[in-house]
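2 protein chains.
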Amino acid sequence: MALLVQKFGGSSVGTIDRIQKVAANIIKAKQEGHNIVVVVSAMYGETDRLIQLAHALSSDPNPREYDILVSTGEQASMALLAIALTQNNCSSRSYTGAQAGILTDNVHTKARILDVKTDAIRKDLANGHVVVVAGFQGVNEHGETTTLGRGGSDTTAVALAAALNADECQIFTDVDGVYTTDPKMIAEARLISQISYEEMLEMASLGAKVLQMRSVEIASKHNVPLRVLSSFNEGPGTLVTLEEKIMKKRLVSGIAFSREEAIISLSGVPNRPGIEGHILGLISEANIEIDMIAQNATDEQHTDFTFTMHRGDFPKALKLAEQLALELGAGTIKSTANVAKLSLVGIGMRSHTGVASTMFKALGNADINIQMITTSEIKISVIIEEDCLERGVRAVHQAFELDKATSEKFPAHMES
Amino acid sequence: MALLVQKFGGSSVGTIDRIQKVAANIIKAKQEGHNIVVVVSAMYGETDRLIQLAHALSSDPNPREYDILVSTGEQASMALLAIALTQNNCSSRSYTGAQAGILTDNVHTKARILDVKTDAIRKDLANGHVVVVAGFQGVNEHGETTTLGRGGSDTTAVALAAALNADECQIFTDVDGVYTTDPKMIAEARLISQISYEEMLEMASLGAKVLQMRSVEIASKHNVPLRVLSSFNEGPGTLVTLEEKIMKKRLVSGIAFSREEAIISLSGVPNRPGIEGHILGLISEANIEIDMIAQNATDEQHTDFTFTMHRGDFPKALKLAEQLALELGAGTIKSTANVAKLSLVGIGMRSHTGVASTMFKALGNADINIQMITTSEIKISVIIEEDCLERGVRAVHQAFELDKATSEKFPAHMES
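Going down the list, the protein sequences come from chains A and B.
As numbered in this note's numbering, residues -2 to 413 make up the first sequence, in order.
As numbered in this note's numbering, residues -2 to 413 make up the second sequence, in order.
Hints were generated in silico from the structure; no laboratory data involved.
Check each hint, because a few of them may be wrong.
[Stated by the list, open to error] Across the chosen pairs, the derived CB separations fall in these ranges:
1) A:Lys114 / B:Ala283: 43 to 53 Å
2) A:Arg347 / B:Thr106: 54 to 64 Å
3) A:Lys114 / B:Lys218: 45 to 55 Å
4) A:Asn284 / B:Lys120: 46 to 56 Å
5) A:Ser348 / B:Arg46: 32 to 42 Å
Values in this document were obtained by computation on a predicted structure and should not be read as measured data.
Backbone N, C-alpha and C fix where the C-beta goes; we use that ideal spot for every residue, glycine too.
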């Protein structure tokens, strides 16, 4: 008998039929002998409807009121699910974030969970109830409802799982789990059965579609086994867990990517201390979010400085870069708004240098020019022309045999 | 500077435009120097939408879950109104029933208010905020959300006004106030400027369209001046207050009526102790709600027993009456399903016997047969054929000169 926290997203509870299906899922797990705590999102479309109402009244709605408004979405779906469970003879009790004791800081619309008081939930579980908790919301020290920001229901689920010391936190979504890359682009993409927290975090661009990154951080911090699986199809999904618990280790786990990137290079920038801080300071003051940054000194007096951003910020960023070039007496500006980012992620690459060269060779063989490279311990990211993205992902996916369940060429223990 | 509690119903906050109009109303009152506490219902249609969702999942939704579900309607509208106020530079803070300290008993879906903890609201008022409270809801001793039943927002407003010792509780509706009778039927019906709590309660069938009767009871008990007025048109509305505070007293205040009544008479019922309890016991066991009851002994051995009910219950009640007649050896059963009730209400009639005869003469002159009469201290009700109802109301309305602002013929001091 395990204690499971199961989270169902907005599309899983989007209609009366789907709520009934979710209830049947839960009842099945309950009948298998498990204790169940359920976290639900708002019914699909409901949060947007509420936000539209708020924005019809104010372009910048009061955050305290905004939070109590949008929190009604999850409050309604939790009650509906509890009604469905009770109707099917599964005793159930619902809790808002406040009632569930999810205490947050005071930052309305993107609050952080500080503590979870689980007394009431533990008592209900001991009495055989299925507990249903509204996701995405909590309460601050003043008794005011707060929300955790978009996707916050995942965070609620993981925080509850951590506080309850649950055996597993199961995130039910409309996909079967985490794939080696986007299966809509690469048909050979394979479902990853196990992945480490760190890899999941680095997979952000892929992972963000199925899991909120903040929830992975919390799961990692509290060592909560996190499983991503489908509300609609049976299957084991993907287990996100500690690196040492992963059975079949591989050198690389997957390929993430993001489109709609833009790149700006300043070359011939005077190489003096503090210059990077100056450049980035001006850019962040303009509320432009920088993604990748690379710098390399061209000679003793000069350096090249390259950064990427979301394409929407490109015109503003380019204007700033031109002002900076004038001010700093930099040489030339090179920029493109039609690039994409491709990232290879894998814990195995930590100590294995061959990964980068295999990746670059694969891209080279596919005749793809690399415009920028950044690396972290378990990720290599490159910027390439957006038109080449699909070809690039396919080339790298094949090069590392990610379509195969196990790879003889690239097991993780091939390292040094 | 007065402390006003203003309640706005579902149609007053039914659209974004109307919410903005309500906000403008409130800001005007605030600028006149008043302290304002606002109570709002759910946006028009929202409560029905939520109830439909619940009933799609269960014919008998769990009451605890039902309450937290439907309470989202008022929670959303309170936040939207607070957003509108804040957007217009009127500082405002919203409260759910639980946050506002509206403590109720544990009877889900029709809870009664036990206490109101006003500390937070008083503090906000002292700081110059407009306080917006979700109507219709409270919290029980276990921290669970309860609802007060349909129309409960009126009750919330009056309970808050009582707890805050407000100068006036203003119920904004889609009518201009309480009329001497339904102006849709009788064009000459006149807006009543002042009416006593007791008369308002006796006007139930008319009054229920504008005020929840429970809220009038609470207002009466705590002596809260209650004003019914229009959200859409300017005007003083109707003030419901203590009898002794009413300036221009009249013998009668208004004529209430209800259609869809049915009447059953058992004649020749053996006149023995306990017979009435026996008859009514059987009827109430069948879940039939009896409205009027009249009984008069025809001779020493026999009595006539007449009662009315809603027309929907008529077939069931008639069947029961037939069984009873057999069992009791009663003589005959007389019944009609096409009757209506006409009630004349007025505090002045307490000590003035002429009222009944004036009323009956008016009906007689209009050639209307009275099938049943009951009286209370300040109300006379008659059952007549439904087809005669409009003619009857018009006749009585004219007879008491209710269309005139003051009546020389029927002032209240004409008594004794």
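Do the hints match the structure? See the list:
no. : hint                            : verdict
1   : A:Lys114 / B:Ala283: 43 to 53 Å : holds (49 Å)
2   : A:Arg347 / B:Thr106: 54 to 64 Å : holds (60 Å)
3   : A:Lys114 / B:Lys218: 45 to 55 Å : violated (38 Å)
4   : A:Asn284 / B:Lys120: 46 to 56 Å : violated (36 Å)
5   : A:Ser348 / B:Arg46: 32 to 42 Å  : violated (59 Å)
Checked against the numbered hints given earlier, the structure breaks hints 3, 4 and 5 and satisfies all the rest.
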